[in-house]
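Colleague: What follows is the residue order along each chain.
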Amino acid sequence: MNYFPDEVLEHVFDFLTSHRDRNAVSLVCSLWYRVERFSRQRVFIGNCYAISPEKLIKRFPGLKSLTLKGKHHFADFNLVPYDWGGYVQPWIEALAKSRIGLEELRLKRMVVSDESLELLSRSFANFKALVLVSCEGFTTDGLAAIAANCRFLRELDLQENEIDDHSGHWLSCFPDSCTSLTSLNFACLKGEINSASLERLVARSPNLRSLRLNRSVPLETLQKILVQAPLLVDLGTGSYVHDPDSETYNKLKTTILTCKSIRNLSGFLEVDPRCLPAIFPICLNLTYLNLSYAAGIHGSELIKLIRRCAKLQRLWILDCIGDKGLEVVASTCNELQELRVFPSDPLGIGHDAVTEYGLVAISIGCPKLHSLLYFCQQMTNAALITVARNCPNFIRFRLCILDPTKPDAVTMQPLDDGFGAIVQSCKFLRRLSLTGLLTDQVFRYIGMYAEQLEMLSVAFAGNSDKGMLYVLNGCKKLRKLEIMDCPFGNGALLSDAGKYETMRSLWMSSCEITLSGCKTLAKMMPRLNVEIINEHDQMEICPEDDGQRVGKLYLYRTLVGPRKDAPEFVWNL
Amino acid sequence: MAFDKELNLEATELRLGLPGTKESEKQPTIAIKSNKRALPNFNEESCGSKENSNASHLIQKRDQEIASPAKAQVVGWPPVRSYRKNCLQLKKMEAEAAGMYVKVSMDGAPYLRKIDLKVYKGYPELLKALEEMFKFSAGEYSEREGYNGSEFVPTYEDKDGDWMLVGDVPWDMFLCSCKRLRIMKGSEAKGLGCAV
Numbered sequence: 001m002n003y004f005p006d007e008v009l010e011h012v013f014d015f016l017t018s019h020r021d022r023n024a025v026s027l028v029c030s031l032w033y034r035v036e037r038f039s040r041q042r043v044f045i046g047n048c049y050a051i052s053p054e055k056l057i058k059r060f061p062g063l064k065s066l067t068l069k070g071k072h073h074f075a076d077f078n079l080v081p082y083d084w085g086g087y088v089q090p091w092i093e094a095l096a097k098s099r100i101g102l103e104e105l106r107l108k109r110m111v112v113s114d115e116s117l118e119l120l121s122r123s124f125a126n127f128k129a130l131v132l133v134s135c136e137g138f139t140t141d142g143l144a145a146i147a148a149n150c151r152f153l154r155e156l157d158l159q160e161n162e163i164d165d166h167s168g169h170w171l172s173c174f175p176d177s178c179t180s181l182t183s184l185n186f187a188c189l190k191g192e193i194n195s196a197s198l199e200r201l202v203a204r205s206p207n208l209r210s211l212r213l214n215r216s217v218p219l220e221t222l223q224k225i226l227v228q229a230p231l232l233v234d235l236g237t238g239s240y241v242h243d244p245d246s247e248t249y250n251k252l253k254t255t256i257l258t259c260k261s262i263r264n265l266s267g268f269l270e271v272d273p274r275c276l277p278a279i280f281p282i283c284l285n286l287t288y289l290n291l292s293y294a295a296g297i298h299g300s301e302l303i304k305l306i307r308r309c310a311k312l313q314r315l316w317i318l319d320c321i322g323d324k325g326l327e328v329v330a331s332t333c334n335e336l337q338e339l340r341v342f343p344s345d346p347l348g349i350g351h352d353a354v355t356e357y358g359l360v361a362i363s364i365g366c367p368k369l370h371s372l373l374y375f376c377q378q379m380t381n382a383a384l385i386t387v388a389r390n391c392p393n394f395i396r397f398r399l400c401i402l403d404p405t406k407p408d409a410v411t412m413q414p415l416d417d418g419f420g421a422i423v424q425s426c427k428f429l430r431r432l433s434l435t436g437l438l439t440d441q442v443f444r445y446i447g448m449y450a451e452q453l454e455m456l457s458v459a460f461a462g463n464s465d466k467g468m469l470y471v472l473n474g475c476k477k478l479r480k481l482e483i484m485d486c487p488f489g490n491g492a493l494l495s496d497a498g499k500y501e502t503m504r505s506l507w508m509s510s511c512e513i514t515l516s517g518c519k520t521l522a523k524m525m526p527r528l529n530v531e532i533i534n535e536h537d538q539m540e541i542c543p544e545d546d547g548q549r550v551g552k553l554y555l556y557r558t559l560v561g562p563r564k565d566a567p568e569f570v571w572n573l
Numbered sequence: 001m002a003f004d005k006e007l008n009l010e011a012t013e014l015r016l017g018l019p020g021t022k023e024s025e026k027q028p029t030i031a032i033k034s035n036k037r038a039l040p041n042f043n044e045e046s047c048g049s050k051e052n053s054n055a056s057h058l059i060q061k062r063d064q065e066i067a068s069p070a071k072a073q074v075v076g077w078p079p080v081r082s083y084r085k086n087c088l089q090l091k092k093m094e095a096e097a098a099g100m101y102v103k104v105s106m107d108g109a110p111y112l113r114k115i116d117l118k119v120y121k122g123y124p125e126l127l128k129a130l131e132e133m134f135k136f137s138a139g140e141y142s143e144r145e146g147y148n149g150s151e152f153v154p155t156y157e158d159k160d161g162d163w164m165l166v167g168d169v170p171w172d173m174f175l176c177s178c179k180r181l182r183i184m185k186g187s188e189a190k191g192l193g194c195a196v
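Heads up: the protein sequence lines correspond to chains A and B, in order.
Residues 1 to 573, numbered by the UniProt record's numbering, are exactly what the first sequence covers, in order.
Residues 1 to 196, numbered by the UniProt record's numbering, are exactly what the second sequence covers, in order.
Among these hints, one or two may not hold up.
[Said to hold, decoys possible] Some chain B residues judged to face chain A by a derived CB distance under 10 Å, without partners named:
| no. | residue |
| --- | --- |
| 1 | R37 |
| 2 | W77 |
| 3 | P78 |
| 4 | P79 |
| 5 | Y83 |
| 6 | R84 |
| 7 | Q89 |
| 8 | L112 |
| 9 | S150 |
| 10 | L165 |
| 11 | L175 |
| 12 | C176 |
| 13 | C178 |
[Said to hold, decoys possible] Residues from chain A that keep clear of chain B, each with C-beta distances beyond 10 Å, as calculated:
| no. | residue |
| --- | --- |
| 14 | D164 |
| 15 | K251 |
| 16 | P281 |
| 17 | N334 |
| 18 | P392 |
| 19 | K523 |
| 20 | F569 |
Derived by calculation from the structure, the hints in this document are not laboratory data.
Values in this document were obtained by computation on a predicted structure and should not be read as measured data.
We put the CB at the ideal spot given by N, CA and C, even for glycine.
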């Protein structure tokens with residue numbers, strides 16, 4: 001290959017779309033490294049503190065699309081304090097100063113300010129796509145800037161962000177000349193928007209294929225929009241409530257018949273089940289259905305709907321569907337690949353919730369299932385063993401028993417053997433979350449069999465350091481390990497310090513590790529940032545007392561040393 | 001941890017430390033501070049499950065729960081995104097707060113009242129509340145004859161504007177279609193099933 005001109009190498013590399021492949025290619029030799037870095041357009045940074053914006057810009061001058069992740073996964077569950085970090089501002093500032101022609105920015109769990117959005121909107125003439133997932137810190141004013149200034153915007157996708165809603169005017173800030181939208185998702189906004197502006201925007205966006213509305217958009221508006229956008233592929237409804245005897249509803253029924261391209265359906269945060277028949281005609285086309293916010297659809301109405309969706313590949317629902325409802329899913333949705341069952345009452349002992357019966361039924365009816373997130377009341381080893389046998393293709397298996405230390409509901413034994421069966425049978429398993437009464441034994445199974453495992457989430461499990469050691473020693477491909485409330489201590493933490501440089505990060509909270517263990521680790525491994533989150537001055541009383549237990553440890557590999565924006569309560573050892 | 005068979009308030013007390021550990025762990029001056037967190041008491045029986053794999057004494061007796069355990073919230077559990085938790089919580093609160101208020105008039109009464117239909121689980125409760133509010137008796141309801149043995153008949157106006165006898169349709173259907181209530185006096189109620 002060294003006899004080929006660079007352009008040929010570049011052309012070959014063009015066919016490599018995955019980040020891992022391109023990363024691998026850049027390690028072959030310095031020639032390949034050089035060709036690769038100049039031709040790379042898309043970069044994924046899984047931890048924004050692992051590298052600096054300056055180094056990024058230096059290495060990839062042709063950068064067009066950047067993905068950044070900020071806070072640790074457990075920030076989703078309120079375990080990371082608000083001002084821990086993860087600010088996008090320095091990245092946008094650095095990129096703006098450079099000659100990078102940024103076109104796409106995807107952020108997850110980062111703090112984004114209106115100032116950042118304003119700067120972003122003014123700095124990149126060709127900016128096309130902004131995707132924000134679980135971010136916070138901005139208001140609709142920032143969105144207004146994006147709408148007003150990004151002349152060629154194609155994608156504005158806001159997923160589950162906490163946005164301060166000042167008013168609906170941001171939508172009106174899209175100029176009349178903006179006709180390039182392909183995807184608009186503002187489902188997470190809480191405030192009102194101007195329906196007329198929305199209708200006009202849709203009318204002048206002939207390439208719109210994905211539209212997810214927020215709960216304030218009434219059914220009349222939905223009907224008018226669908227008339228303008230019959231080629232929609234992805235639809236999230238707004239307020240799906242109306243008098244089913246009205247003319248508006250009848251119009252909607254007729255309009256939906258023309259929407260033959262809809263494959264993804266979501267929304268229904270507000271819903272009158274009597275209006276559901278309008279969508280029956282398109283159910284058979286659906287491959288993705290998200291009813292996980294549709295608390296208003298349950299019982300027979302829910303079953304009626306699901307029975308029509310025979311081609312579903314991805315289904316997100318609430319546990320009020322019950323085991324019986326899951327049996328219907330199992331008999332109807334034989335193409336199902338991904339299932340997520342969320343708790344409708346996270347804190348309560350739900351009476352409609354699902355159990356091991358529902359899961360077993362699914363495993364029988366849906367052999368193609370490879371991704372599972374299952375919140376349930378109880379589980380048994382027998383059920384897990386059956387599921388493992390029926391579905392050997394799992395790549396993601398996340399089981400969450402609402403009572404986290406509950407044993408096998410029938411035998412009262414730990415669930416070690418059940419999960420052991422899962423890891424033994426599912427040879428391609430990449431992500432695993434465990435709950436239930438679990439001893440060190442389950443970790444022994446994981447270490448032995450989970451060869452492809454990249455991410456493991458554990459809570460309230462194990463008996464001793466051995467548990468964590470099994471995992472660290474056995475799972476060669478482990479990248480992310482997150483542990484809460486387990487009896488793992490310094491022995492486990494320090495057994496293989498070098499391992500952490502092969503991983504993205506380790507999180508341990510409410511375990512048995514002490515300040516002394518963390519300090520030792522930090523000293524041994526200068527290329528790790530070892531951060532202690534010390535909230536509520538838990539450790540202020542005697543900061544020199546190394547025997548203190550550490551409340552929250554977050555460590556990650558980095559090329560740029562301790563971060564300079566850490567707040568007072570974060571100690572970088 | 002021994003299975004507490006008595007009503008033992010200490011067992012449901014919210015504090016740091018595993019269930020079964022002593023009070024003394026609360027003292028902050030000890031060098032090794034415990035940062036273990038108490039699990040929420042989903043069932044009293046499940047408290048000790050972490051320490052005993054031999055759980056022969058942990059029998060699920062949901063209906064025999066002695067005291068409804070305080071729903072202690074362990075931060076970070078269950079692992080549901082706070083955005084999602086807040087959405088569902090909001091919906092729950094809205095549903096509880098919204099209510100379904102309808103006007104109630106009674107023939108001969110100087111002013112109307114308003115009641116929240118959502119508060120009642122069914123017709124017997126509603127009728128009892130109306131009877132108490134207006135000091136009358138509705139009598140016995142039967143499908144064939146309507147209300148028997150009373151001068152007053154409870155009626156409602158439905159979505160089509162028609163006046164209907166309360167009690168004929170299923171409760172849920174009634175909730176959806178009832179716009180207002182009127183307690184009619186016997187003489188006017190002929191034809192609506194008042195067998196006076």
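Colleague: Of the hints stated earlier, which fail here?
Modeller: Those not satisfied are hints 8, 9, 10, 11 and 13.
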